[in-house]
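Engineer: Spelled out, the chains give:
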Amino acid sequence: MNLQRTVKFEAETDREFAQWIAHEIGGEKLRECLQCGLCSGTCPLSLYMDKTPRRLMYLAREGFKGDVLSSLSIWLCTSCYGCVIDCPKQINITGMMYSLKQRAIEEKFYPPRFPIPVMARQFSRMVRSSGRITESWLVVQVFARTAIWRLLGMGKLGLRLLRTGRMRLVRDKVEHRHDISQLMDAVQVAKKELVA
Amino acid sequence: MKYAYYPGCSLKGTGRAYEESLLAIFQALNVPCEELHDWNCCGATSYMSVDQLSSYALAARNLALAERENMEIIAPCAACYLVLNKTQHYMHDYAQINSIVTQALGTIGLTCEGKTQVRHPLEILLNEVGLQTLAAKVKSPLQGLKVAPYYGCQLVRPYCTFDDQRNPTSMDRLLSACGAKVINYSSKVQCCGASQKGTVPEVGLDRIRRLLLAAKGEGAEVIATVCPLCQFNLECFQEEAGNSHEPISIPVLYFSQLIALALGLDAKSTALQRCIVPVQTLLGSKGIVHA
Numbered sequence: 001m002n003l004q005r006t007v008k009f010e011a012e013t014d015r016e017f018a019q020w021i022a023h024e025i026g027g028e029k030l031r032e033c034l035q036c037g038l039c040s041g042t043c044p045l046s047l048y049m050d051k052t053p054r055r056l057m058y059l060a061r062e063g064f065k066g067d068v069l070s071s072l073s074i075w076l077c078t079s080c081y082g083c084v085i086d087c088p089k090q091i092n093i094t095g096m097m098y099s100l101k102q103r104a105i106e107e108k109f110y111p112p113r114f115p116i117p118v119m120a121r122q123f124s125r126m127v128r129s130s131g132r133i134t135e136s137w138l139v140v141q142v143f144a145r146t147a148i149w150r151l152l153g154m155g156k157l158g159l160r161l162l163r164t165g166r167m168r169l170v171r172d173k174v175e176h177r178h179d180i181s182q183l184m185d186a187v188q189v190a191k192k193e194l195v196a
Numbered sequence: 197m198k199y200a201y202y203p204g205c206s207l208k209g210t211g212r213a214y215e216e217s218l219l220a221i222f223q224a225l226n227v228p229c230e231e232l233h234d235w236n237c238c239g240a241t242s243y244m245s246v247d248q249l250s251s252y253a254l255a256a257r258n259l260a261l262a263e264r265e266n267m268e269i270i271a272p273c274a275a276c277y278l279v280l281n282k283t284q285h286y287m288h289d290y291a292q293i294n295s296i297v298t299q300a301l302g303t304i305g306l307t308c309e310g311k312t313q314v315r316h317p318l319e320i321l322l323n324e325v326g327l328q329t330l331a332a333k334v335k336s337p338l339q340g341l342k343v344a345p346y347y348g349c350q351l352v353r354p355y356c357t358f359d360d361q362r363n364p365t366s367m368d369r370l371l372s373a374c375g376a377k378v379i380n381y382s383s384k385v386q387c388c389g390a391s392q393k394g395t396v397p398e399v400g401l402d403r404i405r406r407l408l409l410a411a412k413g414e415g416a417e418v419i420a421t422v423c424p425l426c427q428f429n430l431e432c433f434q435e436e437a438g439n440s441h442e443p444i445s446i447p448v449l450y451f452s453q454l455i456a457l458a459l460g461l462d463a464k465s466t467a468l469q470r471c472i473v474p475v476q477t478l479l480g481s482k483g484i485v486h487a
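If you're matching them up, the sequences are chains A and B in order.
Residue numbers for the first sequence, in our numbering: 1 to 196.
Residue numbers for the second sequence, in our numbering: 197 to 487.
Next comes chain B alone, as it looks inside the complex (with noise of 0.2 angstroms):
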């Protein structure tokens, strides 16, 4: 079966090397998917403190379009996975959203009957590629390269079916099939504080900062994560979280890209050019073959 994939804004922009890695390891992996057609904006956090039913509303105008397809989804933003199910859920828990989104819908032709599963990439690789799979296919293992294993809230909290919300280790176990050294990280599950590194700064980067010594002291080389504006977060401010007793560097990328790397890709699937902080030098120090 072909899965829809939803990509969300963030994956077009700033987080091109997640979608760039992931579409790569998904064909390396027999994972057929297509670009959801035509998809709109899931509203993220934004829509829903302006007007929660017109969000609904948003987001599943993109479950419908699956629906008509018949296709289940993969959405790679913890952002987007999360708004998606949780649409699902609120037009399942309240009759009065369900009326008012599928009347809305209505007017454009669709409908949404709530059969779209909305499936992560994470769980994709780990129930329907499986471990041993993957394993096998490693040509260049991520041989003792120390990875801080980071989650952030919205994948695993609170509609995530395939994780613990309080230690998730999916990501873990996957990296660690790629030969990665995966820390037992303290902070896998705390904010990064989303975008109030933009609108409060003194709020947000006092959160990134945390989340980073943390990576650095618990002896973590790289940071892997799921989701685009923690990505972002991490990486970009790291000038400005450190100082000059602290000064912090630690390279930030996406797990698929890791996985692209240890499956042995092309460098236009493992996008190492779009990183900021730069890493190959650690790779090479590490032995790890990169194209």
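Bound-form chain A, shown alone (with noise of 0.2 angstroms):
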């Protein structure tokens, strides 16, 4: 029998990524979590999560930065903010949250053609293209970066959607579209000058 140890060491830990969390929105107040599980309990996708949110929330704490970044956890997060409103010590959960999911795209944590997070990056992309979202164009690309054969299933329902005028298929842009890229150039402007 091959037994493993399941219990992690603190010399395992990332202090940088606690260090980081604690400052990141979210995680502010992360060190006053009680671990009293009612983000789990109230949470309607805890019951698919490979680790709950109360755990990540104290993995997140301690620096377990692999155990945390590379959780299918954070993507099911729909954030609902059921877990914010009941949480007894008032942590932004679902802040936390999109905290995680930025650096997990930033260092590449998730597994490949995993659909969550390739499809914020797709949203990304076309935001700042167009300044707006053409919902059909949208699930085109995220399927054929990910699973392409699922678009044959959806024959069906788009026959639908067109049938009932709710399908576009022009893409809708905003009128200023260089104000837009401008816009987002500045902000990363402006994070480089705030960091040096």
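Everything labelled a hint here was simulated from the structure, so no lab data went into it.
Be aware that one or more of the hints could be misleading.
Far from chain B, by Cβ distances over 10 angstroms, these chain A residues were calculated [said to hold, decoys possible]:
no., residue
1, Lys8
2, Gln19
3, Lys29
4, Leu34
5, Gly37
6, Gly41
7, Arg55
8, Asp67
9, Lys108
10, Pro112
11, Leu152
12, Gly155
Below are the DSSO-like pairs computed for lysine-lysine, each with C-alpha atoms no more than 30 angstroms apart in a straight line [what the hints assert, rightly or not]:
no., chain 1, residue 1, chain 2, residue 2
13, B, Lys208, B, Lys342
14, B, Lys311, A, Lys191
15, B, Lys464, A, Lys156
16, B, Lys198, B, Lys311
17, A, Lys192, A, Lys173
18, B, Lys333, B, Lys198
19, B, Lys464, A, Lys173
20, A, Lys29, B, Lys311
21, A, Lys51, A, Lys29
22, A, Lys29, A, Lys191
23, A, Lys192, A, Lys29
24, A, Lys192, B, Lys311
25, A, Lys173, B, Lys198
26, B, Lys208, B, Lys311
27, A, Lys89, A, Lys51
28, B, Lys208, A, Lys173
29, B, Lys198, B, Lys208
30, B, Lys464, B, Lys335
31, B, Lys464, B, Lys208
32, A, Lys192, A, Lys108
33, A, Lys156, B, Lys412
34, B, Lys482, B, Lys333
35, B, Lys333, B, Lys208
36, B, Lys208, A, Lys156
37, B, Lys311, A, Lys173
38, B, Lys482, B, Lys335
39, A, Lys8, A, Lys51
40, B, Lys464, B, Lys198
These numbers come from a predicted model, not from an experiment.
Built from N, CA and C at the ideal position, the CB exists for glycine as well.
Now that you have both chains on their own, put them together as the hints suggest.
Structural biologist: Structure below.
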């Protein structure tokens, strides 16, 4: 029998990560978490998660970077804010999830072709280039990058949406598209200035 | 005062019936509004996962556009309503976000001081129009129609100031004023799974199934929604969500379509032709007149 250690040692934690999350939105009050588990009980998605929100919060604040960022739980959070209004310590758990998602994308910590982060990235690209989202185009782009065969199974729904005039075929765009890209660039500049 | 109507992307696509019926009832009830010129996507939940600061700047551009015109925003989509309000809150609460967003908006000649109120149609109808005025204008009451009011998550949480976060009743009251029999829907603020029907179908479909079965089990004949994503999820996947033992077929309308029906507006305004699960037979059986 091959027994493996299931408990982590403190030496395996990443102090930088623990400090980082403590200064991110949602992480500010992470030290106050009582580990009561109300977040996990309230979360409608926790029953599909590999790590419940309560566990994720503990691991994050102690600096178990790999365990936290590679967990699919952060992607299953739909940001329904149920935990936020129930938390007895008023911790912005949903806000923390966004901080974790952003870091996981930056450091490519998610499984390749996992549709949720792929969709987030395609979404942001489309907004950057057009200023608006055209749902039908986004769906095609996401499936093309994750599971193209699934598009085939959507023919019936596609036809129904077309018939009822709910599928927009022409890309929707803002008038001042240049403003959007300029705005996004300016955010990056301002961010860099702040760090420097 | 004229309101700046902020449609958001879905109301121009899969949620067209929401836009059509909402603008029609606003006109019928004398709520003046015009579309916010050159609005952009609010960023929804997706942009926030990629780059939070950019997503606040995106949302703030819309706030700034309305601020320039000195108008209050009406945001019907629950996600847009949340994101615009959240940006407003974060710019107030976090000096760093405020300074970065302000600096970025400056490069395109805009300012956002946080003066723009972001409001939801439910609240406008309740507080500006009023239940009595609404009831007085009802021409074709939704007599005996059993409606499950479904609010979803992002409208009432966490920034909503006009309704309860766990047991909202604004839509219940509006639909009751239209003559409907509103049921006490147990899952009214449960999440529909958002885009997970597309990304992780096994999870998304399970959420949808639970919500539909709860509505059915509690005696609803129609589900009323306030969010284009909730509406899409609950209406478009009923065949998959049900099975041969327990097929599911229940019309899912926007609350604004039901109000348009009650006000006796024309077919263009009720937008029933955009339904995938037909509702006409049910309305006929209840003796509800519809164009």
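Engineer: Of the hints given before, which are not true for this structure?
Structural biologist: none
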